[in-house]
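Hey, can you work out the whole structure from these sequences and the hints?
One letter stands for each residue in the lines below.
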Amino acid sequence: MSRFGRTGQLIRLNFRRDRFRILMWIVLLAALMASVAWKFEDIYGSTSEINAIKSTLESPGIIAMFGAFSFTGKVTTAEIFANEMLLFMALIQVVMNLALSVHATRAEEDLGITELVRAHAVGTLAPLAAAASELILVNGVLGVLYSLGLSAANMPGASTEGNWLIGLGLAATGLLFGMLGLLTAQVADHSSSATGLAYTLFGVSYLARMITDVQHPKLTWWSPLGWVEKLAPYNNPHWSPIWLSLGLAAILLWLAFLANNHRDLGAGAITTRPGRDHASALLRGPASLVWRRQRNVIIAWIVAVIIFGIAYGTVFNTIGDILKTNPTMQQVFGSAMVHEANHQVLLSFTSLLSIVMAAVAIIPGMQLILKVHTDETRGWLEALYARPLSRTHLLFSYVGIAFVTSTLAFIGGLGGIVVMGDASLTHTTDGISAAEFWQGIAAQLPEIWVFLALTVLLVGCWPRVKAFSWFYLALGFISVYMGSLLKLPKWTEKITPTGWMTRVPLHDVNWTTFSWMIVLAIGLVIIGWVGYRRRDLQMS
Amino acid sequence: MTNPVLQINHLQKKFGHFQALKDITFDVRPGEVFGFIGPNGAGKSTTIRVLLGIIRASSGDATIFGQNVWSASVAIHQRLAYVPGDVYLWPNLTGGEIIDLLLKMNGTAHTAKTDDLIKQFGLDTTKKARTYSKGNRQKVALIAAFSQDADFYIFDEPTSGLDPLNERIFQDAVMALKAAGKAVLLSSHILSEVERMCDRIGIIREGQIIETGSLAEMRHLTRTMITVTLGDDFDVTSLPGVHGVEVGHAPREWQFSVEDEHLSAVMSTLAQHQVVALQSTPPTLEDLFMHYYTGKE
Numbered sequence: 001m002s003r004f005g006r007t008g009q010l011i012r013l014n015f016r017r018d019r020f021r022i023l024m025w026i027v028l029l030a031a032l033m034a035s036v037a038w039k040f041e042d043i044y045g046s047t048s049e050i051n052a053i054k055s056t057l058e059s060p061g062i063i064a065m066f067g068a069f070s071f072t073g074k075v076t077t078a079e080i081f082a083n084e085m086l087l088f089m090a091l092i093q094v095v096m097n098l099a100l101s102v103h104a105t106r107a108e109e110d111l112g113i114t115e116l117v118r119a120h121a122v123g124t125l126a127p128l129a130a131a132a133s134e135l136i137l138v139n140g141v142l143g144v145l146y147s148l149g150l151s152a153a154n155m156p157g158a159s160t161e162g163n164w165l166i167g168l169g170l171a172a173t174g175l176l177f178g179m180l181g182l183l184t185a186q187v188a189d190h191s192s193s194a195t196g197l198a199y200t201l202f203g204v205s206y207l208a209r210m211i212t213d214v215q216h217p218k219l220t221w222w223s224p225l226g227w228v229e230k231l232a233p234y235n236n237p238h239w240s241p242i243w244l245s246l247g248l249a250a251i252l253l254w255l256a257f258l259a260n261n262h263r264d265l266g267a268g269a270i271t272t273r274p275g276r277d278h279a280s281a282l283l284r285g286p287a288s289l290v291w292r293r294q295r296n297v298i299i300a301w302i303v304a305v306i307i308f309g310i311a312y313g314t315v316f317n318t319i320g321d322i323l324k325t326n327p328t329m330q331q332v333f334g335s336a337m338v339h340e341a342n343h344q345v346l347l348s349f350t351s352l353l354s355i356v357m358a359a360v361a362i363i364p365g366m367q368l369i370l371k372v373h374t375d376e377t378r379g380w381l382e383a384l385y386a387r388p389l390s391r392t393h394l395l396f397s398y399v400g401i402a403f404v405t406s407t408l409a410f411i412g413g414l415g416g417i418v419v420m421g422d423a424s425l426t427h428t429t430d431g432i433s434a435a436e437f438w439q440g441i442a443a444q445l446p447e448i449w450v451f452l453a454l455t456v457l458l459v460g461c462w463p464r465v466k467a468f469s470w471f472y473l474a475l476g477f478i479s480v481y482m483g484s485l486l487k488l489p490k491w492t493e494k495i496t497p498t499g500w501m502t503r504v505p506l507h508d509v510n511w512t513t514f515s516w517m518i519v520l521a522i523g524l525v526i527i528g529w530v531g532y533r534r535r536d537l538q539m540s
Numbered sequence: 001m002t003n004p005v006l007q008i009n010h011l012q013k014k015f016g017h018f019q020a021l022k023d024i025t026f027d028v029r030p031g032e033v034f035g036f037i038g039p040n041g042a043g044k045s046t047t048i049r050v051l052l053g054i055i056r057a058s059s060g061d062a063t064i065f066g067q068n069v070w071s072a073s074v075a076i077h078q079r080l081a082y083v084p085g086d087v088y089l090w091p092n093l094t095g096g097e098i099i100d101l102l103l104k105m106n107g108t109a110h111t112a113k114t115d116d117l118i119k120q121f122g123l124d125t126t127k128k129a130r131t132y133s134k135g136n137r138q139k140v141a142l143i144a145a146f147s148q149d150a151d152f153y154i155f156d157e158p159t160s161g162l163d164p165l166n167e168r169i170f171q172d173a174v175m176a177l178k179a180a181g182k183a184v185l186l187s188s189h190i191l192s193e194v195e196r197m198c199d200r201i202g203i204i205r206e207g208q209i210i211e212t213g214s215l216a217e218m219r220h221l222t223r224t225m226i227t228v229t230l231g232d233d234f235d236v237t238s239l240p241g242v243h244g245v246e247v248g249h250a251p252r253e254w255q256f257s258v259e260d261e262h263l264s265a266v267m268s269t270l271a272q273h274q275v276v277a278l279q280s281t282p283p284t285l286e287d288l289f290m291h292y293y294t295g296k297e
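If you read the sequences in order, they're chains G and X. Residue numbers for the first sequence follow this note's numbering, so the first one is 1 and each next one is one higher. Residue numbers for the second sequence follow this note's numbering, so the first one is 1 and each next one is one higher.
I should point out that these hints are in silico values taken from the structure, not numbers from a laboratory. Honestly, I wouldn't trust all of these hints.
Unchecked claim - Sample of chain G residues facing chain X (criterion: CB under 7 Å; computed from the structure):
| # | residue |
| --- | --- |
| 1 | 157 |
| 2 | 161 |
| 3 | 275 |
| 4 | 276 |
| 5 | 277 |
| 6 | 281 |
| 7 | 371 |
| 8 | 390 |
We treat Cβ as the ideally placed atom computed from N, Cα and C, and that holds for glycine.
Right under this line is the structure:
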């Protein structure tokens, strides 16, 4: 029996196991790409529309978020499309790949399923090879669907080569990070640390591309996530980023096989160390248990969000200096006006960033609340509920820590932006004042709390559909983040809490909105709490 | 007689259209070990989860210490210890941390007794729970339960992953609880264990308690196996209450089973036919089990 024996059978098994997951990702992503491309001529069809958005896309703030692209000659609709969508779609594609790769390998191993499979006449490397094949197929199919969707949309300025470059380029980037996920799954000793490690590397490559894009776009070649920007599909097509991505993907896969070959099933290169003989005096109830189990994750998130904020802050001096792009402005308007304009630019940049920060800060809180249900189905709560412990006490231990985590992460992230940003400015007065900062905090916290409260409601009353909270958060983020660039109708912003508050600190906080959002959050938590007290718990 | 610790009356539980528990009625008294036996999927764990207030009964009622298991679960759990069948532990905590945490949550502390139990069961408490085998995870739950000074103990197949040595330690610990006047509900598949330790037994099948009583009482409901060698050619098939007659290996040797109510009549008839050798075997719990489960002898 070769080391890859029965890989084919395992591939079929993987697809059967993940069929809904894969189908959902493929349909959502392909539909997103195709529908945006389809509408794009309506949005940016005329030369005046293109010129207006072109200068927006060339501003450093947008470059930090969407990547640096070079425009040459007459700019077409298709070029604007590539500029707005490439990096954004790449990010979603990476998230999909990291989720699928760790799920298909380490998560299965943690559950003991790999052991069961390996006990049969199956090659030692077959489970990993099957997972890799699954990723290649999923990315490949998605890439082809993107290309076909773009060809069907037939945007002005699009070329067949460019369409295929986008599809295959995104597939290659996705595959590269999928293989990274396979490698971290071999190196770490369980699935959550594998995911954490993979996301850390993903975050580093994102930050590297952001900083280099704003300051020296040539250096972006050093970040694998930056390669997708270098495709320049409709103005100066390059295939080299695809070869680079595929090459690195192959190396990562080879390393994963190497690591898989050299380790025992169930172990990782980073081994589990023995721990304390006795519990510390602080570990004494459900809240301290949540903290003890999740503290690394919680601290890592808060630190990561702060670093993320600081990285954004470093580009303040480039963004908040209008004279760099318009050197004649000072002569025309005078320096007071220039400083005011700089301040306005920074305010609007910070307003956009605070949406990003809020979305990122919600993630760890949402994960913690969803753990109420995952821990329940894993049987971990059974031992707790045999103790004199009420449902209320347990639920609010998780929920309380979740709210505090998200709140701190958001304050830290926005704080990182503002403190680092202001420090990087030559004229500190151009920057964000303390009052504006706290306004920004007050504007986003109700949104964060409503999202978390909705998750409490789902976990308490309808845990089967808890995944809806991720979908709703993604919807909220996309509708606001991409809303103005894609000229989405106004109501799309209003379907999620992300768009309920006015953009602060660009505008002032609307305290009426603030108040009813807080009331709504409290109401959702109460309903979820009542539901949780009344329902049966599911034990494996 | 003292009040029962646990009382269950016509308990039912439906999951959607599936009726998991149809009719559960039994009680457990202080100083008694009650054996709860039945095949996989019969509803043992579901019953226990209702008792713990993890799921809510559809109808009927269950009380522990005279209090409702759903609404007063927190008060009840103050004096209750439980070991689940499948012990799931938080993977990144050590066994020692988990034992201490579970004890603290009951308002008790890690005592010399806990250390003694850790030593007896031979558990390495510095290892992360992720690395424990099924038996070691069970030990963690057992040590926490036995260190607790509760009045009612529930064990759901507690020894399925333990080696015979640890199984014996478990059995001794349960007997000590019984001697101390505690009530114990023991759900188990290991019939020899139930036979040795339990005062009374409840048998559950398809969500229904089909029999409760002491082992001695239950034996009366079944048949005794008889192997007899007679001095003459008497044909035992004509006897009343005799079943499954087989001709033995030796000449004039018979094997058959007798309903217990006809046992004395059969014996006196056999005595008239010069009994050369006679062997009677009371039904084991296993026979009882088979009897109730398959409906065969």
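Cross-check of the supplied hints:
1. 157: Status violated, d = 53 Å.
2. 161: violated (50 Å)
3. 275: holds (4 Å)
4. 276: Result: holds, 6 Å to nearest chain X Cβ.
5. 277: holds (4 Å)
6. 281: violated (9 Å)
7. 371: Hint on residue 371 of chain G: violated, closest Cβ of chain X at ~11 Å, above 7 Å.
8. 390: At 5 Å from the nearest chain X Cβ, residue 390 of chain G passes the 7 Å test, so the hint holds.
Of the numbered hints stated above, those contradicted by the structure are hints 1, 2, 6 and 7, listed in ascending order.
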